[in-house]
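Asker: Next come the chains, spelled out residue by residue.
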Amino acid sequence: MTLNILFFAFAAMIVVPLIYLLITKNIIRAAFAFAISLLGMAAIYVLLNAEFMAVVQILIYAGGIVVLLIFGVMLTKRSGDEGVFTAHHQVIPGVLVSLAFFVLLTQSIFDVNLAWGEEVTSTDQVKQIGVLYLTDHLIAFELIAFLLLMALVGAAFLAKKSDQ
Amino acid sequence: MMAIPLIYYLLLSAFIFCVGLAIILIKKNGVFVLLGIELILNAANLNLVAFSKFDPTLDGQVFAVFSVVLAAAEAAIALAILLNIYKQYRSTNLDELNQLKN
Chain G
0 MTLNILFFAF
10 AAMIVVPLIY
20 LLITKNIIRA
30 AFAFAISLLG
40 MAAIYVLLNA
50 EFMAVVQILI
60 YAGGIVVLLI
70 FGVMLTKRSG
80 DEGVFTAHHQ
90 VIPGVLVSLA
100 FFVLLTQSIF
110 DVNLAWGEEV
120 TSTDQVKQIG
130 VLYLTDHLIA
140 FELIAFLLLM
150 ALVGAAFLAK
160 KSDQ
Chain C
0 MMAIPLIYYL
10 LLSAFIFCVG
20 LAIILIKKNG
30 VFVLLGIELI
40 LNAANLNLVA
50 FSKFDPTLDG
60 QVFAVFSVVL
70 AAAEAAIALA
80 ILLNIYKQYR
90 STNLDELNQL
100 KN
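Sequence order for the protein chains is G and C.
Per numbering that gives the first Met the number 0, the first sequence starts with residue 0, numbered consecutively.
Per numbering that gives the first Met the number 0, the second sequence starts with residue 0, numbered consecutively.
Cross-link-like lysine-lysine pairs, in silico, DSBU-like; alpha carbons within 35 Å at most:
id, chain 1, residue 1, chain 2, residue 2
1, C, Lys100, G, Lys76
2, G, Lys159, G, Lys24
3, G, Lys24, G, Lys76
4, G, Lys159, G, Lys76
5, G, Lys24, C, Lys27
6, C, Lys100, G, Lys159
7, G, Lys24, C, Lys100
8, C, Lys100, C, Lys86
9, G, Lys160, C, Lys100
10, G, Lys24, G, Lys160
11, G, Lys76, G, Lys160
12, G, Lys160, C, Lys27
13, G, Lys159, C, Lys27
14, C, Lys86, C, Lys27
15, C, Lys86, G, Lys76
16, C, Lys86, G, Lys24
17, C, Lys86, G, Lys160
18, G, Lys76, C, Lys27
19, G, Lys159, C, Lys86
20, C, Lys100, C, Lys27
Source of the hints: derived by calculation from the structure; they are not laboratory data.
Just so you know, these numbers come straight off a predicted model, no measurement behind them.
Model the full structure from these sequences, guided by the hints.
Answerer: Next up, the structure:
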């Protein structure tokens, strides 16, 4: 019962900022609403016994990507007229399409039989995940490290100021 | 202690996905569209972790962390590209990028 109340509280922490995100035109406020919903998602991960994932979520999303987005807004802001606001277009078709997609997803979620498997409650998950990275998923781990390095070097190269 | 049913997580994730989709469709600013893409990736991660709770091998969580790393790389590259677009057009309004039209 307590768990259910916690789940709904954290779900509200995700859903309310997301709805604000959808209607606001101010990008900075949107970035902060996004950060709040990311923290809610981290809390949901804790409820799912995925502590490692929760920490990764806070470090990379709330700590990294939100800051990156805010920097993106600052660097692409025209001083003066438009400010940090965005315009909307095709609001009704866009909302209708995503609502229809939501109905479709909900339908298929209710249709699928989800009553399989036992809930796994392991305690030392972080250790298990670390072992998995360096044994079963070693190649993927090395490749993703290399890809991240290349992406960051590429981003630095793309964003650097040209001389002329 | 009663556990939370899996379907709650799936419905929450479907909602996050659809908000991301709506943001991509209705916002004009490039940074905002990027934010919608991040939301969609987050919805996928939530599903992976939720299913991984019923899987003794933990592979879902491992894959979710890979997906987070990819999202970070994508955000960095996309923002660098947006900076270049801004240098070129003095705007990040995606409707104005119509040089290839006609």
